[in-house]
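Knowing the structure of chain R, use the given hints to seat chains Z, E and X on it.
Heads up: the sequence lines are chains R, Z, E and X, in that order.
Going left to right, the first sequence walks through residues 14 to 361 as my numbering numbers them.
Going left to right, the second sequence walks through residues 14 to 361 as my numbering numbers them.
Going left to right, the third sequence walks through residues 14 to 361 as my numbering numbers them.
Going left to right, the fourth sequence walks through residues 14 to 361 as my numbering numbers them.
It is worth saying that the hints were derived from the structure and are not from the lab.
Misleading hints may appear alongside valid ones.
Because identical chains cannot be distinguished in the list, a pair is counted as satisfied if it fits within a single copy or across any two copies.
The list that follows gives simulated cross-link-like pairs (lysine-lysine, DSSO-like), each with its CA atoms no further than 30 Å apart [as the list claims (entries may be wrong)]:
{"hint": "1", "residue 1": "K325", "residue 2": "K138"}
{"hint": "2", "residue 1": "K142", "residue 2": "K161"}
{"hint": "3", "residue 1": "K125", "residue 2": "K325"}
{"hint": "4", "residue 1": "K187", "residue 2": "K325"}
{"hint": "5", "residue 1": "K210", "residue 2": "K187"}
Since we're looking at a predicted model, the values are computed, not measured.
4 protein chains.
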Amino acid sequence: MKPAKLRTAVLGATGYAGCELVRLLLRHPKVETPILLTRETTTAPERLDAHYPALKGDIPLPLEPFSWELLERRGVRLLFLATPHELSRDLAPAALDKSLRIVDLSGAWRLKDSRNRAVYAFADKDKEKAERWDKEAVYGLPELHRRKIAEGRLIANPGCYATSVILGLFPLAKAGLIDRSAGVVCDSKSGVSGAGKKPTSKTHFVEVAGNFSAYSVFGHRHTGEILEQVGLEEEELVFTPHLLPIPRGILSTLHVRLQRQATAEQIQRLYHDAYNGCSFIRIFEPGELPQIQYSLYTNDCDIGFQLAPSGKRLIVVSCLDNLMKGAAGQAVQNMNLLSGFAEDDGLR
Amino acid sequence: MKPAKLRTAVLGATGYAGCELVRLLLRHPKVETPILLTRETTTAPERLDAHYPALKGDIPLPLEPFSWELLERRGVRLLFLATPHELSRDLAPAALDKSLRIVDLSGAWRLKDSRNRAVYAFADKDKEKAERWDKEAVYGLPELHRRKIAEGRLIANPGCYATSVILGLFPLAKAGLIDRSAGVVCDSKSGVSGAGKKPTSKTHFVEVAGNFSAYSVFGHRHTGEILEQVGLEEEELVFTPHLLPIPRGILSTLHVRLQRQATAEQIQRLYHDAYNGCSFIRIFEPGELPQIQYSLYTNDCDIGFQLAPSGKRLIVVSCLDNLMKGAAGQAVQNMNLLSGFAEDDGLR
Amino acid sequence: MKPAKLRTAVLGATGYAGCELVRLLLRHPKVETPILLTRETTTAPERLDAHYPALKGDIPLPLEPFSWELLERRGVRLLFLATPHELSRDLAPAALDKSLRIVDLSGAWRLKDSRNRAVYAFADKDKEKAERWDKEAVYGLPELHRRKIAEGRLIANPGCYATSVILGLFPLAKAGLIDRSAGVVCDSKSGVSGAGKKPTSKTHFVEVAGNFSAYSVFGHRHTGEILEQVGLEEEELVFTPHLLPIPRGILSTLHVRLQRQATAEQIQRLYHDAYNGCSFIRIFEPGELPQIQYSLYTNDCDIGFQLAPSGKRLIVVSCLDNLMKGAAGQAVQNMNLLSGFAEDDGLR
Amino acid sequence: MKPAKLRTAVLGATGYAGCELVRLLLRHPKVETPILLTRETTTAPERLDAHYPALKGDIPLPLEPFSWELLERRGVRLLFLATPHELSRDLAPAALDKSLRIVDLSGAWRLKDSRNRAVYAFADKDKEKAERWDKEAVYGLPELHRRKIAEGRLIANPGCYATSVILGLFPLAKAGLIDRSAGVVCDSKSGVSGAGKKPTSKTHFVEVAGNFSAYSVFGHRHTGEILEQVGLEEEELVFTPHLLPIPRGILSTLHVRLQRQATAEQIQRLYHDAYNGCSFIRIFEPGELPQIQYSLYTNDCDIGFQLAPSGKRLIVVSCLDNLMKGAAGQAVQNMNLLSGFAEDDGLR
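Looking at chain R on its own, in the form it has when it is part of the complex (with noise of 0.2 Å):
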């Protein structure tokens, strides 16, 4: 007898990320035809496809009114939720009370650091339980907590830019390689759908195209969580996002000076060694670098580096597509964790 497929449920499926989310749901081998769940209140029923012809096809995909009876009623197991932080700040703690388990996409439960958090200013009705939620939330990048991950009710799936930035430097760090006296400069870009797909003169065709542009500089949300993961202090780690002509991927060029003088062999086990095992790290031969072109489509991190010819300072370039390793493919990769699936089920 083949074992009952996983019952879940999309929640912000309009959303790129949500969309990407629901095409690989679609056709993973272990899960059912997701539970697809909008808030708003639409007169007329809808269809994801309308929303992304692309989509088109079969299957139906309704979009359905969220309510706590209609998840229990369809045995949903695990909840995906696409949405906004304030509304998965206030969601996550009540579906975990009714025993599911959440994979948040949001920034709502990705920092342990109250000073880190304070950049969201979360409006918490029931402080108490947020706090404890803080705590037992599970930072959901699968190359650092894997068993974590594995054990966890909430899974904070981390920030696309984040995501490319500690993988990137994680295996430094854990050498105690880097030198934090220097600081860490991380010169981050992504394309346009990581602003997601709300329609603004940012994000308007004219004012993108032939364009680039660097923003939020000394104060995007992401800082916190490269800090917290990598372990930097903030005067230590200087984090500029900028804004490609193009509609996704991410690359960050790291700078890093080293504590003592390496070898591009050195550099190169040492990724080798941190990353031992774990199938969407593909790390380049050493001054090969990768580009944004070449993890598009797919859940790989990219990693490559060029160490200069003094062997004390080093750039490394990380390479991810936003939306799926940094943002759906993550996800799923996390869902696989917690349910005892193989890590790249579906993701292939």
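Same frame as chain R, now just chains Z, E and X:
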């Protein structure tokens, strides 16, 4: 003694066409710095370069609240309307009553035939006056109506698509070469700035980049202009607009069956004759076709063609910059004619 | 016992279509890792992922020197030719003599009418044998020739443009609805990967980005395929290709005058009937038009239409991914038919 | 009597920078139509507009074979070299012997320190003469060396990247505000025209569109210019170039740790003081950052910055058009200084 410069005002400078117009007027040798008018009641005084940082510079560009009194006090002689159709429909007659000359960039006054105007469903308050101006308004395509424009008071600046199609077909129509029974197929493609500055899901970078689509098939508002200027009946013309993933530029591919067999030399002579003395028409050698890139940021309309080996079918390709010859550049060309300046003043 | 997987080889894997084909074969459940063949004599052994770093992964992808002996020794049953026309013309008959089945992605074997073949000016050594295979080769468009393909030995994979045009026109032609006297105007637009991987001034980023152009007007090689498959005479068809500033995707705008007045429902029924059971054709609702983005990275051909208010003119829009349904995806679909697999195996 | 116009010649007009230079010279009020020289021996006479159809117009633009005799006969006073480094290295001394003034757009004469020149590995025939000109050549960055340029004979037009980085760092360096011990990280991004007109796999549209990549990390030739002009040692600077999927424009993100705490007002004043009277530098308000779009098609270098809350770290963003302020526009600016014209003649 130097002659006094022309005083102009622009209502609607914050849109793409309006801003391009301001850029042109700022460097026009015979025009004063234009007065920029807005009908939005903002609490704080605004400057155009807050909307278009590319305009930052030595000249302050304040947006001033529109009033007839202001126009009179500042001695404005020519008013550019880069406004929605309805607003142009409302303001133009009032302005003409005050002896202002008008170059209107909207679709309000372009159509002579009331059946063609029906698509706009204008809600004129004073219908009689509106119809009088419908008759008196001059279609501002200098290559066809140079003399009338010079003597006009209300110039209806043509649509961007319409300009490219009409200029491509006019010499053939004039020569009676179009086989009207077969129908003329005008397959046009435009950059995104033609869709305006307002952010919508249709102009979101992620929806446009890497994409291409047809729209308003059998229903685009520029169809009437083409019919009237080329002299075709509705069933003799198909006009199919498409959205290109580029910021600016229009290319129209015009498929014509000829009334009688022709040689490439005859066709070329026809175009040269029809546009003799027109400084903004560039006619290409037979078999050489213009590309959008060639005329970007210029007021040129480039025209090339390929004749079928049979000599009975012709494909004409017509290119222009939709914000220049398709809007602001043509508006300046019209201003030049209206004001007795050289036709290309400020346009090279 | 599991049935043995099919052994295939790809000659020409380093081009865009060849590489896409390898990607598809690698994840096909019923096919072994394909043998990658090259006819370039390189000094060093090469791997495909050196050309396409996106293919980096666990499976080594060596490029091996082409030889008949190698094919035989490795038990290859099906050979994909992603080679220049002349080379396909040369190799296919030899391969067929050795009882290999061939899916040829070039234009070598697509045309039945020698007048249409003239445009290629093939320099066949054994003319008689070539003509025999010209007759026996099957035009590999499954939606039209499914049965013949299944029984074929030499499958001529259709041109990318041709696929989009033929699939858009076929139901109308079959129903005798095309008014051939007016001529059918096929205005097609393709992404740059259609022009191949070789760097030329025409594919230089700076020449393409922000640009758009028509080319090969009245002279494109796919014209013959369209004529033969749709059943039109040369003077009844105009096919006008354009280069879009996007990497992949084709949209064809097909302008048809109808032989008799029709309703949208009739047209839609016609398409549904003609493509009944075809899993890679998505027919849109009347008035709803496909866009290039919808079918990218899929093997689908999307078809939509808009009928003129008169019911006498029709515009059909047909979209596909030129590397998938326009090349590699269709090649796999043909392999599936040839091999008795499900038609969509490895294509979802 | 009107003064005679300056006679110039351009060698290398068919490249992107050379062509842009011709465009500028054609509309310069004090310069005659430039003579266009080529060293390629073509059988047929050529015109520049065959390479750049956008230049089609009334003025014929023949490409003439280079010879010293021609330059003398036509009274050329100023020769622009838009040539490969080696050719500039060869031709410039010969031209100077003939009393021509030179603006050289290559990297041949930019570097004073022979260690920095080593990266070019110049194969000078007359080493002594070359070294003399190495000393006498003036680095053509008007904002730093206006007076020397005016009196110079051989002007080494700066590199595009170098211009953006040097102009962004110079005021800080001058004020001794850079904490050199921490290192300056210059993360620069350029459009594709910077890579030249020759088609290569790196400039193929399909490889660039939707992509982004770092290159020449720890090894780009512009590094030496930055070191020499800003006054840093090699180990104090990291310069990391990236390729943007846009045709033109450079944005440099400059990460600086300050020698002492500063306020935004102090930083801003510093920039205004350093560039007082420089008409092509636009300094933005604190916290307001330039974007590539703002300075495209102008000779402006836009500079903005964001100070960290601590007042100890600064991010400077510097933008320019690589073909204008980064090449041809700056060459004209240098010509203006050399010739006693107003610095912005022909550049507005």
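Verification of the supplied hints:
In the homo-oligomer, the alpha carbons of K325 and K138 never lie at most 30 Å apart, since the shortest distance is 50 Å inside one protomer and 38 Å across protomers. Taking the closest pair of Cα atoms, K142 and K161 come within 30 Å of each other only inside a single copy of the chain (20 Å); across copies the shortest separation is 68 Å, beyond that limit. For a Cα distance limit of 30 Å, the shortest separation of K125 from K325 across copies, 27 Å, qualifies, whereas the shortest one inside one copy, 32 Å, does not. Taking the shortest Cα distances, K187 and K325 sit within 30 Å of each other both inside one copy (17 Å) and across copies (27 Å).
With identical chains, the CA atoms of K210 and K187 are never at most 30 Å apart, being 37 Å at best within one copy and 42 Å at best between copies.
In terms of the numbered hints stated before, the structure departs from hints 1, 5, listed from lowest to highest.
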